[in-house]
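What follows is the residue order along each chain.
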Amino acid sequence: MLLPKFEFHEPETLKEAAAILSGIGEPTSILAGGTDLLVNMKKGKASPRHLVSLGRVRELKKTARDGESLRIGACVTVAELREEREIKDDFDGLFRGAGLLGSPLIRNLATVGGNIVTARPAADLPPPLIAYGATIELVKDNGERILSLEDFIKGPGETSIEPGEILSGIILREPPLYSGGGYVKLGMRKALEISLVNVATFFALDGPSGPIQKARVVLGSVGPTPIRSLRAEEILTGERPDEALFEKAGEAAANDAKPIDDFRASAEYRSEMVKLLTRKALKQAYEEAKLREWRRWK
Amino acid sequence: MKTMINLTVNGTKHEAAVEPNRTLVDFLRYDLELTGTKKGCDMGECGSCTVILNGKPVNSCLVLAVQANGSEIMTIEGLKTAEGLHPLQKAFVEKGAIQCGFCSPGMILAANNLLQKTPTPTEEEIRTALSGNLCRCTGYQKIIEAVMSVDKQDIP
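The listed protein sequences correspond, in order, to chains A and B.
For the first sequence, our numbering assigns the number 1 to the initial residue and increments by one for each residue that follows.
For the second sequence, our numbering assigns the number 1 to the initial residue and increments by one for each residue that follows.
If you are wondering where the hints come from, they were derived from the structure by calculation, not from laboratory data.
Just so it is clear, CB atoms sit at the ideal spot from N, CA and C, and this is done for glycine as well.
Some clues are possibly wrong.
[Stated by the list, open to error] Here's a subset of chain A near chain B, in silico, CB distances under 8 Å, partners left out:
| no. | residue |
| --- | --- |
| 1 | G34 |
| 2 | S53 |
| 3 | G67 |
| 4 | K190 |
| 5 | I194 |
Please take these sequences and the hints and turn them into a complete structure.
Right under this line is the structure:
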């Protein structure tokens with residue numbers, strides 16, 4: 001399959017990229033990892049006249065600590081994200097999600113920002129990022145804005161990004177002392193798989209053994225966007241973490257899911273799996289909370 | 001409009017004028033006539049177009065040649081040693097890990113990249129590292145056995 005013709009732009013700074021974007025009057029796409037866009041172009045689903053590549057914009061490829069926050073450049077690849085010490089130590093749900101995206105070959109190209117702006121309902125990074133309360137930075141020629149990732153994704157392939165805007169970074173606040181996150185993905189195979197259901201969790205405890213102070217449960221692939229299960233979060237809040245509580249939260253999460261029947265799985269099956277995956281992801285979060293505490297004492 | 005690119009492939013510098021819509025796999029196969037790199041699905045799913053781009057295995061069907069400007073690339077043609085076949089290639093032959101051979105260049109490059117980073121990988125590490133490379137002949141078992149059989153001392 002041949003790629004349609006396009007004009008290629010390769011800015012070296014974010015400022016330059018934003019200026020190019022605002023100056024082109026014709027259909028334009030931003031090229032980051034290319035694992036989604038180039039496939040869509042080959043299939044004829046996208047035919048931009050211009051491609052603005054962010055591959056040479058070095059400032060988008062850095063992950064840096066900024067006080068109590070961690071700022072991930074939008075063009076950091078999924079494989080690079082997994083190499084970051086902070087992600088390994090403090091964001092286990094995100095670390096797991098990044099390890100389950102595509103294949104090792106895809107992870108070496110695909111970017112964190114790309115997995116967000118493409119807004120696929122089954123994507124692996126948005127649920128854990130939302131569970132950790134991520135915010136994102138959008139830059140354009142004449143300004144920038146910051147908004148929560150949860151509010152950014154609007155539907156399958158739809159976000160609130162405006163023409164000329166570039167997603168430049170993802171900001172994560174350092175998780176509190178007694179807290180942990182988890183991510184469980186269900187697919188038919190282990191690699192190159194699109195989730196049938198995925199669930200990301202995060203909770204912060206009041207002390208080493210609870211009660212739960214704040215919880216987030218995010219369901220992926222069972223709605224047009226990742227869904228926060230407010231019912232599950234309510235059940236968890238104020239309680240001590242244990243198996244029975246996680247099971248109750250799983251039941252509640254299934255009530256918040258809005259799965260559909262498709263050729264990959266039935267809605268009923270997906271609903272059942274939400275229960276199971278929520279329970280497992282909550283267990284992971286608890287394990288991580290304990291592990292992080294143990295590491296502090298060591 | 002064509003763009004000039006400079007890149008190093010298997011240690012040799014190349015300068016070429018390419019159309020922006022030329023993918024790296026097509027550039028390697030048609031412009032440089034390095035046909036060891038295969039093109040299967042052209043969608044980033046099969047891994048037969050795997051090359052090592054700046055030290056990392058990637059699907060070359062998902063990279064534009066212009067994006068590879070300034071980079072260093074290794075294809076299967078770059079793997080052979082002064083003594084002939086690379087130990088991994090020998091192991092693939094000896095263990096029956098090659099049948100039709102279409103996935104072999106990608107498999108071997110991905111496996112070599114793993115062995116460079118992890119000289120004595122576990123079976124699970126091998127399976128994960130090769131999970132982006134599909135094989136429709138061998139059922140994978142013989143490929144895993146071939147990678148496991150390579151003596152790390154032999155890797156150049």
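> Which hint numbers doesn't this structure obey?
Replying inline: 3, 5
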